[in-house]
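A.B. asks: First to last, the sequence lines map onto chains P and X.
FYI, this note's numbering numbers position 1 of the first sequence as 1, with every residue one higher than the one before it.
FYI, this note's numbering numbers position 32 of the second sequence as 32, with every residue one higher than the one before it.
Everything labelled a hint here was simulated from the structure, so no lab data went into it.
Accuracy of the hints is not assured; some may be wrong.
Calculated pairs, BS3-like style, for lysine-lysine (alpha carbon to alpha carbon, straight line, at most 25 Å) [claimed, not checked]:
1. X:K42 / P:K137
2. P:K167 / X:K54
3. P:K179 / P:K208
4. P:K22 / X:K42
5. P:K107 / X:K42
6. P:K22 / P:K67
7. P:K137 / P:K107
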Amino acid sequence: MIIGVVNCGIGNVQSVVNVLKKINYQSLAISTPDGLDGVDAIILPGIGNFDSFVLRLKQQGFWDKLKQVIRSEQPLIGICVGAQVLCLSSEEGSQAGLGVFDVRCKKIPQSNIEPIVKVPHMGWNTISSKPGTPKRKVLDNRFGIERFYFAHSFAIPISDETVMTSKHGVEFSACLKKKNIFAIQFHPEKSHVFGMNFLDSIIQDISKDSSK
Amino acid sequence: MRTFRVIPCLCLDDDYFVKTEGFRAPRYLGDPLNILRIFNEKIVDEIVILDITKGRSSPNFSLLKRLVSQTFVPLSYGGSVRTFEHAAKLINCGFEKIIVGRTAFQNPAIVESIAREFGTQAVIVSIDILESPDANSFVCKYAMGQGNQITIDEAISIFQDLGAGEVLLQDVERDGRLVGPNTKLFSKLKEKSTIPILYGGGVRDIEDMQIVKNAGFQGVSVGAAFVYVGRLNGVLINYPSQQDLDEHLSHL
């Protein structure tokens, strides 16, 4: 199995490639849309402003390719802004998203009175899983409570496709799933054993689906 | 859940990690790959790498790329980030957050340009702080733009408006001296930011971290206490256990 990691110039592509290697998946950083043709699954990593990211994907020809990927049900995983562009739109910008998930990203409300909520939501947080989340291995106790690293100012509200939630002042979607497409708000590639375990579980899940 | 972050801060001098006092007098700590591997195994909350090499005009990308390959926790980088292109290349290398210090004061537009492309969560402005000569107040080490001296509160507010997602206040004189955090500074800040603020300087132990947390900060950057042990400052990489951190630094 080969995983293609979209490299559109915005995103921590190398971190994703590094973590996939660590959990024994073969991956390729892919800089041209045609490069996605031969891969078994695609990861769309993102550290970026919503509009800048969309425009960059369009400039590089990835946008139309991703629409095709979605139509053909090729497995796809979006991370952070890569997850948000799978929604309809975002308050962060005026560009339209890919619309896989029927929901609009919203700014996380900030508060300077108790309970204090600073934005961006920056740091580790716990999640609650709903039915439909791929089963993860139980990790050794010594690692402590399962937690993931978040760094975002805009969030995906909870929708019918939400399979994991988290809370920073308000509750929001930590992960959404539709067929073999996942949108992940946190950074599994930077969430150490918890992120590796989680990525492994969803890659297993989408590869199982696509071999049906 | 503990939201307060405890962040080892490591200084690069050429190809090695060093520990400084007042960000001067670097003392050799060791090979950065080994040191990062140890912090990575301890699942630290986040790591800050600051390159303090004299005369560097751009980040040492080839070394940084190797360092990132060993680290599966969040990483921020600061040091000689002079242009937007430097920031873009660092993010592509695998850093999530870019720290701008002196450059942010000299050329505030860089904060805006990084935030516009990569989002506000990708930019940290570090503000170096000095005690004023009359020992009665605190000032930013660098003047803004063409020489305007501004207060720390003003600096935080300006950088927040420009798009910084986080501010790191560094008490320069306390760096490496293990003298405790600057509570006098905390009492003078009228901090009203909407973004997270981190503090670094003098932190020795979990009690000091509690002081920083109770002063309203969202995280603490720690140097000497995580690389030295004992009265003679023997080099030993260390980090509190998750259990200790959760017990003492969680929000009730």
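A.B. asks: Next, verify each hint and record whether it holds.
C.D. replies: Evaluated hints:
1. For the proposed pair K42 (chain X) and K137 (chain P), the alpha carbon gap of about 20 Å is at most 25 Å, so the pair holds.
2. Straight-line distance between C-alpha atoms of K167 (chain P) and K54 (chain X) comes to about 43 Å, which puts the hinted pair past the 25 Å bound.
3. Only pairs whose Cα atoms come within 25 Å are accepted, and K179 (chain P) paired with K208 (chain P) is accepted, the gap being roughly 11 Å.
4. The suggested pairing of K22 (chain P) with K42 (chain X) holds, with an alpha-carbon distance near 17 Å, which does not exceed 25 Å.
5. Pair hint K107 (chain P) plus K42 (chain X) does not hold up; C-alpha atoms about 33 Å apart against a cutoff of 25 Å.
6. As the CA atoms of K22 (chain P) and K67 (chain P) are separated by approximately 30 Å, the hinted pair breaks the 25 Å bound.
7. Only pairs whose Cα atoms come within 25 Å are accepted, and K137 (chain P) paired with K107 (chain P) is rejected, the gap being roughly 33 Å.
Of the numbered hints stated above, those contradicted by the structure are hints 2, 5, 6, 7, listed in ascending order.
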